[in-house]
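Asks: Residue-level listing of the chains:
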Amino acid sequence: MIRKALWLSATSAFLTLFTVGGHAEDRVVNVFNWSDYIDSSIIDDFTKETGIKVVYDTFDSNEILETKLLAGGSGYDVVVPSGNFLARQIQAGVFQKLDKSKLPNISNMWDTVLERTAKYDPGNEYSINYMWGTVGIGYNIKKVQAALGTDKIDSWDVFFNPDSLAKLKDCGVYVLDSPADIIPAALKYLGLDPNSTSPDDIAKAEETLLKVRPYIRKFHSSEYINALANGDICLAVGWSGDVFQARNRAVEAKQGVEIGYSVPKEGAQMWFDQMAIPADAPHVAEALEFLNYLMKPEVIAKSSNYVLYANGNKASQQFVDKALLDDPAVYPDAETLKKLYTVQPYDPKTQRLITRSWTKIVTGQ
Amino acid sequence: MSNIAITDSGPSTAAKPLLTRLGAGFVSRLVIIVPYLWLLFFFFIPFIIVFKISLSQSAIAMPPYTPVLDFTDGISGFFAGFRDLNFDNYVWLTQDALYFKAYVTSVIIAAVSTILTLLVGFPIAYGMARAPATIRPTLLMLVILPFWTSFLIRVYAWIGILKPEGLLNQLLLSLHVINQPLIILNTYTAIFIGIVYSYLPFMVLPLYSSLEKMDYSLIEAAKDLGCPPTAAFWKITFPLSLPGVIAGCLLVFIPAVGEFVIPDLLGGSQTLMIGKTLWNEFFANRDWPVSSAVAVILLLLLIVPIMLFQQAQARAQEQDK
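First to last, the sequence lines map onto chains A and B. Oh and the first sequence: position 114 is 114 in the numbering used here, straight run, nothing missing. Oh and the second sequence: position 85 is 85 in the numbering used here, straight run, nothing missing.
Worth flagging that the hints you see were computed from the coordinates, not collected in a lab. Incorrect hints may have been included.
[As the list claims (entries may be wrong)] Here are the simulated distance ranges between beta carbons:
(1) B:LEU167 with A:GLY260: 30 to 36 Å
(2) A:LYS97 with B:LEU37: 23 to 29 Å
(3) A:GLU115 with B:GLN270: 38 to 44 Å
[Unchecked claim] Cut-off 30 Å, straight-line C-alpha distance, at most; resulting in silico cross-link-like pairs (DSS-like, lysine-lysine):
(4) A:LYS68 with B:LYS163
(5) A:LYS204 with B:LYS52
(6) A:LYS68 with A:LYS167
(7) B:LYS163 with B:LYS213
(8) A:LYS204 with A:LYS338
(9) A:LYS349 with B:LYS235
All figures in this text were calculated on a predicted structure; none of them were measured in a lab. Even glycine gets a Cβ: it sits at the ideal position worked out from N, Cα and C.
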């Protein structure tokens, strides 16, 4: 015990020396965000403007982020989980309430988004929307035309109907490895409640997915960006912004690959990535400054223009590229918006059922 | 040998002052204690923590499980906790065939990969051991060299080699060996290639060290006495290299059973291994207790054959004497 104490004091003395040796007044904010999800000049500008150094780290799945947060002591000041994960994390006591008095730019936020994010974070007390998008169908226009005789996809039927997907098998189909995104889509296609937790409904969704399983090449949550862009596959069920990134990469590559994205007419899931501050964040003041900065209309618009996702900031829309703002796949019109649904977090029992079902779908066992 | 050593040192230690003798004993005991401390801190204590979690229940909290056997209620609370212990999570593992299938698949994949690694590794180690002494250090270096690059990057590199439009297929197509690209990526073949490639040094190094110590005049003697080379290999070289074979196989088999990265990157979605099952329990279900139970079972699954093997080894040594 004494030895441990000695060790601790020695280490902390060393660390103190170290920090004093640097700049005692150095201010830092540790940010943990999705990969490829910000225009890096925003970070540089923030540091220039405020003198706060940003330590920027990235993850590529909600599960990884959640595990770090639940274990505690992650050391991060700002993290960006998706809505349904955020809801459960709030319940687990992971986050602290935001001090709105330090966030004057919050008045720029968009009520259409706020009323939806409130389903995950009642009163939007813990989080601020960063980006939002849909789960839809990305496809290679020419290859789909050749296989199906149409270049317009507007329904989940192209994916969930085995006869139709069979025709696309050879040119390649990828699907998100994410049950929380795909099972609700299957439920919606079947005309059931996408939020259903009934074992019967989940079994029906499983059955529907098992029927098309033979025509799916891979379940993966990021490989489809390159696969679509290179023309390796002709259809992917994926996140809107990822498909747009694939579209842009394909345009840059000039190999004649054209990518389309469809929000199916039956309805699609709307998801939200929310910025929040962990309860044990070491630099709360800096984190609040960072959040407030990201709510500046021109700043968040710059990020949207770069990552090709819509943001939840109403005032930023005047700075968003016109092409992006007018693209109904990014900023859906009122009609489409009505058909989009949100997904609630699962209770542990349903979660287990969903994961088990998903394992069966993915591995066939 | 050992008997001689003891009788030799007998009179000399008696002549030394008591203090020196005590000191020497203390130092040697200290040296022995270090590996035990290592095992205690880096194996036993973590194992106990994992085992403890496997007896709790998952909860929406930080950390995400109910506390079990802790000292928040003092010592009496700790002992009272024993009465509430339940093995539900272990029972759960027997109720769904998923876990059993995953364990079996993992063991089969690991066993096949181990045999393949041995087949590839043995000629390499043999060649190294028989190479001129001057170039052996260079060869040894070449075996270790891949470790200087991150394991993850090396596995990623295999994606570029094996994919349908990858290097291997381009080469074979341009040589007109094949007319259509081979589908290797996302299959079991790709997993075997990945494991054999990644774990080859763990097989080659122990094999090399036992083959290098071998007395090659034994082979010459066999040849002189008319033994054909193949028979000489099976009668002399292989039995003498057996400790290396066993060490190498265990070093490959044990980590391969729990392998996660290689099947995830190179294997197809249909691959069901225990590493992925554990990942699902831990990350997707957020059920730390069940994933801990899976880990405990995995450990038992590995520890039992290792202990049996060690016992067999010890008995064989007894018999040799």
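Asks: Can you give the numbers of the hints that this structure goes against, from lowest to highest?
Replies: 2, 4, 5, 6, 7, 9
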